[in-house]
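Asks: Put chain L on the given structure of chain B with help from the hints.
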Amino acid sequence: MREILAYERPDGRIGLRNRVVVISMVSCSNTVVSRIAQATGAIPITHEYGCVEFDEDHKRTKLALVAAGAGPNVYGALLVGLGCEQTSMADVKRAVAGTGKPVEALLIQEEGGSPEAERRGIEIVRKLQAEADAQERVPCSAAGLVVGIQCGGSDWTTAVAGNTAIGAMSDRVIENGGSVLMSEVMGFPGSEHIVAANSVNRKVGLQVLDMVADLRAEYVELYGQTIEEVNPTPGNKAGGITTLVEKSMGNIRKMGNSPVQGVLRLGEPIPHPGLWVVDNRAQGPDPFNVTGFAIQGANVTVFSSGRGSPVGCAVMPVIKITGNPATFRKLESITDFNAGVVVEGKSIPETGADLYELLLEVAGGRATKSELNGNVEYAIPREPARKKHRDCCADGGV
Amino acid sequence: MKKAIRVDKADNVAVVAQDTKKGDAVDCFGFEAVAGADIPLGHKIALGPVEKGALVFKFGVPIGRASAPIRTGDHVHVHNLEDITEELCNGYEKKFREMGA
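Here the protein sequences line up with chains B and L, keeping their order.
So the first sequence is numbered by this note's numbering: it starts at 26 and just counts up by one.
So the second sequence is numbered by this note's numbering: it starts at 63 and just counts up by one.
Isolated chain B (complex conformation) (with noise of 0.2 angstroms):
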């Protein structure tokens, strides 16, 4: 088994990184959080939310900032609100505390004043830092790896050389006793079946199947049109790409040759390490699905980009790969791997080796482009309003 050193948890998760994060409750308090996180390197977790929110879409945003404080990479946060808004500082305070980390609230109607909540936050950022900077890390095994993938920016690369290679790479995180999160699954229709042939049984095959044909119907009483009418588009055509099965495992790759263990909503904690679907059927920017991994308890992501992408996260490393040889030359100080090495005549398990050894680096603390580049992206991942409540997420113990 592989060792990686890592930072060990309160509640046995491991810790590639030993952040510390300073969690706005409310967009009126971000101004707060930011001004500390400036003065003092700390993680800033800012959002255009937490009040005057519906039901599904509040527990959503509890969901996120529960699990930004709480998630495995986080030594200890600082929550810091307004005072009169709709999230409960007190009820995500406890959840965080729950995982056996340090964490300390305040609040800005409560402190006086901006000034002086941010005088306060610094003073306990700065105590947080101190004892995060006296942890040390510790050998580990990999099996503590809990890794999203993800594509994003694709090019004609992205199926055939950058997904391929991550796709072997997470059959090398799960034959090591790890994780793997896919999650995209708007754009599974298409290739369901051979999703849920690639099940663990028969019911995690019935799961995968109903979620896609849940997909399908929502698809239909939204827009009106089937998934198969709009794809592939002009645009992929163009590209390449003749039918839908074929533009649908160009994502479906990434998952490798492993067998599914199930399907989790948004939050649902992972019941054993393999590899899980996550059903977040957020339609935004890539950061939506990253951010997605970081509530799902990843601790780093990997992801695709034939064309580019400098996406981060405020709680978790994210490697970034390209399929495509042009785009790392010219993107390098935005890319982790080159994978292009496949176009280039290199074979797709020697290269998703490669990607493993990068991963195991890159946990072990070598830093990523996007954190030398200060990228610290939490979105918290929306989802189209429905007429019908769909219970889509977890309540992250708020």
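Treat the hints as calculated values from the structure; they're not laboratory data.
For each residue, glycine too, the CB sits at the ideal point set by N, CA and C.
Just to be clear, a hint being listed does not mean it is correct.
If you only want the chain L side, here are some residues facing chain B, beta carbon under 7 angstroms, derived [said to hold, decoys possible]:
hint: 1; residue: Met63
hint: 2; residue: Val69
hint: 3; residue: Ala72
hint: 4; residue: Asp81
hint: 5; residue: Gly104
hint: 6; residue: Leu117
hint: 7; residue: Phe119
hint: 8; residue: Val123
hint: 9; residue: Ser129
hint: 10; residue: His141
hint: 11; residue: Thr147
Replies: Only chain L this time, still in chain B's reference frame:
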């Protein structure tokens, strides 16, 4: 020599890694074919003959059905490959759901 990438051993098509002209020799991890037509970057080249009505494989799975006979080196796209996604998905799902526990 032009290059093409085959993702899975079961595949009978590969993706060309550069714009390819009719008559160009194309190397696919040691297998060689001669392009039977101009094939743009990212499009598919046939690695062997496929009879009309037979399945075309990419990523190790059937992605569609040949709607015309395909020769080694042919460009494979909408003109000779039919999208049968609904048939593949529905057929599997029906069988899977009917199968006992």
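Asks: With reference to the structure, classify each hint as holding or not holding.
Replies: Hint check results:
Hint status for Met63(L) relative to chain B: violated, with the closest Cβ pair at about 10 angstroms, above 7 angstroms. The restraint placing Val69(L) at the interface with chain B holds, with a minimum CB-CB distance near 6 angstroms, inside the 7 angstroms limit. The restraint placing Ala72(L) at the interface with chain B is violated, with a minimum CB-CB distance near 12 angstroms, outside the 7 angstroms limit. The beta carbon of Asp81(L) is not positioned within 7 angstroms of any beta carbon in chain B (closest approach about 11 angstroms), and the interface hint is therefore violated.
With a least beta-carbon distance of about 3 angstroms to chain B, the hint placing Gly104(L) at the interface is held under the 7 angstroms criterion. Look at Leu117(L): its Cβ only gets to about 11 angstroms from chain B, farther than 7 angstroms, so that hint breaks. At about 10 angstroms, the closest approach between the beta carbon of Phe119(L) and any beta carbon in chain B exceeds 7 angstroms, and the interface hint on this residue is violated. Look at Val123(L): its Cβ gets to within about 6 angstroms of chain B, closer than 7 angstroms, so that hint holds up.
The beta carbon of Ser129(L) is not positioned within 7 angstroms of any beta carbon in chain B (closest approach about 10 angstroms), and the interface hint is therefore violated. At about 9 angstroms, the closest approach between the beta carbon of His141(L) and any beta carbon in chain B exceeds 7 angstroms, and the interface hint on this residue is violated. The interface hint given for Thr147(L) holds, since its Cβ lies 4 angstroms from the closest Cβ of chain B, which is under the 7 angstroms cut-off.
When each numbered hint is compared with the structure, violations occur for hints 1, 3, 4, 6, 7, 9 and 10.
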